[in-house]
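First to last, the protein sequences are chains A and B.
Position one of the first sequence corresponds to residue 1 (our numbering), numbered consecutively onward.
Position one of the second sequence corresponds to residue 343 (our numbering), numbered consecutively onward.
Among the clues, some could well be false.
Using C-beta positions, here's what the derived DEER-type ranges look like [to be verified]: (1) A/10 x B/569: 36 to 46 Å; (2) B/422 x A/9: 22 to 32 Å; (3) B/415 x A/231: 31 to 41 Å; (4) B/479 x A/10: 32 to 42 Å.
Okay, the calculated bits of chain B under chain A, using three or more residues with CB under 8 Å as the criterion [said to hold, decoys possible]: (5) 351–364; (6) 463–477.
Please keep in mind that the hints were generated in silico from the structure rather than gathered at the bench.
Just so it is clear, CB atoms sit at the ideal spot from N, CA and C, and this is done for glycine as well.
Protein chains: 2
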Amino acid sequence: MASAPRPAGAPAPELVFETLMAHQRSAALRTAIELDLFRAIGEGPGDTASLARQCAASERGIRILCDFLTIAGLVEKEDGRYRHTPTSALFLDPRSPNSIASTARFLGNPAMTEPYMHLAEIVRNGRTVLPGEGTVEPENPVWVEFAHSMAPMMAPMAGPLGAIVLDGLAGAVRVLDIAAGHGLFGIEVAKLSPEAHIVALDWAPVLEVARANACKAGVEGRYDLLPGSAFDAEFGGPYDIVLLTNFLHHFDSRTCVALLKKVHKALKPGGRAAALEFVPNEDRVSPPMAAAFSLTMLVSTPSGDAYTFNDLEKMYREAGFAGMTAHPVPHGPHTVVVGYAK
Amino acid sequence: MASAPRPAGAPAPELVFETLMAHQRSAALRTAIELDLFRAIGEGPGDTASLARQCAASERGIRILCDFLTIAGLVEKEDGRYRHTPTSALFLDPRSPNSIASTARFLGNPAMTEPYMHLAEIVRNGRTVLPGEGTVEPENPVWVEFAHSMAPMMAPMAGPLGAIVLDGLAGAVRVLDIAAGHGLFGIEVAKLSPEAHIVALDWAPVLEVARANACKAGVEGRYDLLPGSAFDAEFGGPYDIVLLTNFLHHFDSRTCVALLKKVHKALKPGGRAAALEFVPNEDRVSPPMAAAFSLTMLVSTPSGDAYTFNDLEKMYREAGFAGMTAHPVPHGPHTVVVGYAK
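Using the sequences and the hints given, assemble the complete structure.
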């Protein structure tokens, strides 16, 4: 939202102003999703009066909100009518099968956003101000919301992750999906590998979401539930593959190593552990989305982080793994890190 | 914060994610200012341990916060040390005379940010959820905070505004500064025009800030205080110039016209009324900073707006003014709109 052009590298007070006001952008998008505005824009005709009627909202509110979304690049305006951009048509209109609008329910959840009101205290103390262990507190209901609402954002990664972890494997592979959540990653492996058998581990209320998704995908006959905590549950096994998706970043490296040792014990020799992670470069400030994720871990956990590949490789090695490789997922901030049990 | 490159115009789910997380950027900058981090970065040496000590904060918190600020383009990182960008050195280090860090106290004030948690309700109802008239409620203490903390952001505009409103005038001009706030605009006119006499109008506690600034500038002998509301106070006069800075946008056009009529009556024939405003183009979605300001008015007032030049010209004309002209202030989102009393 820059204003008059300046020479490159010149001091820019508008960056300060724009950053202090950036919270408006999150609120505007969250609100548009809540009001079902992107459905109304998709249905047309897109003038303020119609949109206000469709969303049961005021014309003043809808006009100002739609103008703001236009400025933010999320919709287009022409001759006083608002219409979809390619991004909003595909990812924000609830009529699109690729819609990720539901992610606002998790990312914009007051439980996830309210702690930012106390960020100074968090930085002083070096840990979340949420009660107990924050988002990693056992049975935290936020993970049921995550399983429901973040699945559409995770779904496009399931295919690439499945191909990476199955590479060179065939037949009746046994898979443990730790912190399965929505279950999409284990389910994708079951879909790609018709004899694969999946054991999904998560807290019981979360597993209900995974089970429903497994049924929807028609793989429920090869899909077992293991309710409990990754730290306490008996893993069973031995497994060919253990999935650790969006999990290690919640914990300090000592805890990760202990968990990886437990994973190692549950794997067949040569079996593989695959972590889906935000993996910044060693400078920890690039690429931006992966690196910025560390702030979410500061705010919501006692000691989690966005770990670099070196960090993760060291943890894996300490836990007995070898041959670690990093596989960035195309078009997204995630990387799959694979290690092999010796 | 885009990730892997995509073809131009291709749908970009990361825009959705980045927008939903934009509130982190506001929180990070507000927090860095609160912890006096930009002073510490300016003093050096800029490693995490030193910064944590200087800010009385944890190393984990400082490292993650500084990495995040680096990603947001507000500081630089090299060999594990953080240092100023040209922007942070000039505008965020409190040791800089141009620092605008104090603006975070107003823009990041919970009274200004908390209503965004209720933006859906605001859009439904078409008005602020703040009590009474919101930020335009008489004697709202938020304007004392504004007068204190927003002055450094407004100061660079005072020179250009002073030159515009004094153009062609000389001698003992009489100036009424409505909603004077920090007083900087009227004070600048007094500095530029050594015989000018200023009457500053605002609520009494706010005028204390203006008076202190007038003393600092050495113009207190030509600076009178008129405590009260712009709608109720007797303006006196007649004046050569009436200033209406950052004021009209808080009200609906009917209210603005009534006020402009009152202003017209207080002006000498040919006298000028100058409004400092966020003036978007007629499309209401450009330029971005001026146009986006309408959201702030939706959230904080019953019926305010960022008015286009056509809107403002119509109000001025209805109130009896003629010859309206728009003067964009260089390097900022503001425009000075001048009209002449017939």
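Here is how each hint holds up against the structure:
1. A/10 x B/569: 36 to 46 Å: At roughly 41 Å between Cβ atoms, residue 569 of chain B and residue 10 of chain A fall inside 36 to 46 Å, so the hint holds.
2. B/422 x A/9: 22 to 32 Å: 23 Å Cβ-Cβ, so the 22 to 32 Å window holds.
3. B/415 x A/231: 31 to 41 Å: 39 Å, holds
4. B/479 x A/10: 32 to 42 Å: 39 Å, holds
5. 351–364: holds (count 14)
6. 463–477: holds (count 6)
Figure legend: structure checked against the earlier numbered hints; every hint is met.
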